[in-house]
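**Student:** Each chain is listed here by its residues.
There are 2 protein chains.
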Amino acid sequence: MKFCSECGSQVSVKIPEGDNRERHVCTDCGVIHYINPRIIAGTLPVYEGKVLLCRRAIEPRKGYWTLPAGFMENGETTAQAAARETIEEAEAEVDLHGLYTVFNLPHISQVYMFFRGEVIEGKYGVGVESLETQLFEEQDIPWNELAFPTIYRTLKLYFEDRKTEQYPVRIEDLQPPYRKH
Amino acid sequence: MKFCSECGSQVSVKIPEGDNRERHVCTDCGVIHYINPRIIAGTLPVYEGKVLLCRRAIEPRKGYWTLPAGFMENGETTAQAAARETIEEAEAEVDLHGLYTVFNLPHISQVYMFFRGEVIEGKYGVGVESLETQLFEEQDIPWNELAFPTIYRTLKLYFEDRKTEQYPVRIEDLQPPYRKH
Numbered sequence: 008m009k010f011c012s013e014c015g016s017q018v019s020v021k022i023p024e025g026d027n028r029e030r031h032v033c034t035d036c037g038v039i040h041y042i043n044p045r046i047i048a049g050t051l052p053v054y055e056g057k058v059l060l061c062r063r064a065i066e067p068r069k070g071y072w073t074l075p076a077g078f079m080e081n082g083e084t085t086a087q088a089a090a091r092e093t094i095e096e097a098e099a100e101v102d103l104h105g106l107y108t109v110f111n112l113p114h115i116s117q118v119y120m121f122f123r124g125e126v127i128e129g130k131y132g133v134g135v136e137s138l139e140t141q142l143f144e145e146q147d148i149p150w151n152e153l154a155f156p157t158i159y160r161t162l163k164l165y166f167e168d169r170k171t172e173q174y175p176v177r178i179e180d181l182q183p184p185y186r187k188h
Numbered sequence: 008m009k010f011c012s013e014c015g016s017q018v019s020v021k022i023p024e025g026d027n028r029e030r031h032v033c034t035d036c037g038v039i040h041y042i043n044p045r046i047i048a049g050t051l052p053v054y055e056g057k058v059l060l061c062r063r064a065i066e067p068r069k070g071y072w073t074l075p076a077g078f079m080e081n082g083e084t085t086a087q088a089a090a091r092e093t094i095e096e097a098e099a100e101v102d103l104h105g106l107y108t109v110f111n112l113p114h115i116s117q118v119y120m121f122f123r124g125e126v127i128e129g130k131y132g133v134g135v136e137s138l139e140t141q142l143f144e145e146q147d148i149p150w151n152e153l154a155f156p157t158i159y160r161t162l163k164l165y166f167e168d169r170k171t172e173q174y175p176v177r178i179e180d181l182q183p184p185y186r187k188h
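These protein sequences, in sequence, are chains D and Y.
In this note's numbering, each residue's number is its place in the first sequence (first place is 1) plus 7.
In this note's numbering, each residue's number is its place in the second sequence (first place is 1) plus 7.
Since no wrong hints were added, every one of them can be taken at face value.
Which copy? The list can't say, so a pair holds if one copy fits it or any two copies do.
Derived pair list, reagent style BS3-like, types lysine-lysine, alpha-carbon separation capped at 30 Å:
1. K9 <-> K21
2. K21 <-> K69
3. K130 <-> K170
4. K163 <-> K69
5. K163 <-> K130
6. K57 <-> K163
7. K170 <-> K57
8. K57 <-> K130
9. K130 <-> K69
10. K69 <-> K57
Don't read these hints as lab results, they were simulated from the structure.
No experiment lies behind these values; they were computed from the predicted model shown.
Model the full assembly from the supplied sequences, consistent with the hints where possible.
**Tutor:** Encoded structure:
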C-alpha cells in the first residue's frame with residue numbers, strides 16, 4: 008500500500024497512537040488502513056465413498072489436484088462460500104455436513120476452513136478454474152500431486168476419521184517447512 | 008475505497024474479466040482491489056468455574072460486558088490472536104483448550120472464533136480497552152448487559168455443554184433480527 012484509498016494522498020508506515028503495531032496511515036486525512044488475514048473456504052465433497060478433486064487450471068500450483076476452495080467474499084457465511092466455490096470449480100452442489108478442518112497459515116496470513124459435504128445426485132462438471140475433476144477412491148488419491156498442504160491434511164484426516172465415522176472439527180497450524188508427506 | 012492504494016489514481020467499480028462480482032478496479036494501473044471478511048478471535052476464559060468478562064471502555068457497546076476478543080492480525084494464528092486479545096483486554100494469560108464457537112455475521116462480513124481457556128493462576132487485570140474485568144459465577148452473568156450476540160451465544164452454549172463436559176465446536180450464523188434473549 009502506497010496511497011490512501013480514501014483521499015489518494017501518500018501513506019506512511021507508523022504506529023498509531025494507542026496501537027502497538029505498524030499500520031499504513033494517511034499523511035493527509037489520517038485514516039488508518041488495517042490489513043487483516045483472509046479466509047479460504049472449501050469443501051470435501053464425497054459421493055458413494057469417493058472424494059471429488061479438481062485439477063487446477065490456474066496458478067499457483069497449476070496442474071495439481073485440489074479440493075474446491077477459494078477466498079470468502081463479503082456478505083456470505085463460511086458455509087455459503089464453501090458451497091459457492093464447489094459450484095464454481097467442480098460444478099457440484101453439495102449437502103454440507105458441518106465444519107471439518109481449520110488451518111492457520113500465519114506466514115501468508117490465511118485461515119482455511121473446509122466443510123464435509125455430499126455431492127447431490129453425484130453430479131459434477133469442470134469449472135473454469137479446473138482442467139478436470141474426478142471422483143477418487145481412497146487408494147487412487149494422487150497424494151504426490153496435491154496442490155497444497157491443507158488439501159493433504161484434510162484428506163489424511165478424513166480417511167483416518169472415516170474408520171470410526173467420527174468427524175470432530177480439527178484445527179492445525181501449517182507453516183513451512185511442512186512435514187514430509 | 009475511492010483511490011488506488013498502489014498508484015493513487017481513481018478506482019471504478021466494475022466486474023473484472025473472468026469474475027462475477029463488482030470490484031474496485033484502478034482506472035490507471037488496472038489493479039483489482041479485493042475486500043474480504045475479517046476474523047475476530049477471542050477466548051472464553053475460565054477460572055475455578057467462573058467466567059472472566061470485560062466491561063468495554065470503547066465503542067461500540069461501551070459499558071457493556073464482553074468476552075476478550077478482537078481483530079486477528081496478519082502473521083498470527085487464530086489461537087495466538089485470541090490469546091493476545093485476552094492479555095490486551097483482561098491482562099490474563101490463558102491455557103487454550105481448543106476452538107469452541109464459530110459465528111458467521113455475513114451482514115457485517117465478520118467471522119468470530121472463540122477458544123475455551125483456563126486463566127493461568129487466576130491472574131487478571133484491566134486492559135486499556137476495558138473499564139473493569141470480573142470473574143462471574145453462572146448465576147451472576149449480566150445477561151441483559153452483554154455487548155454482542157456472539158458473547159451471549161458463546162456463554163449460553165458453554166453453560167449448557169458444561170453439564171456434560173463435552174465441548175464440540177459449534178458453528179452458527181447470526182443475523183439481525185437476533186432471536187429474543
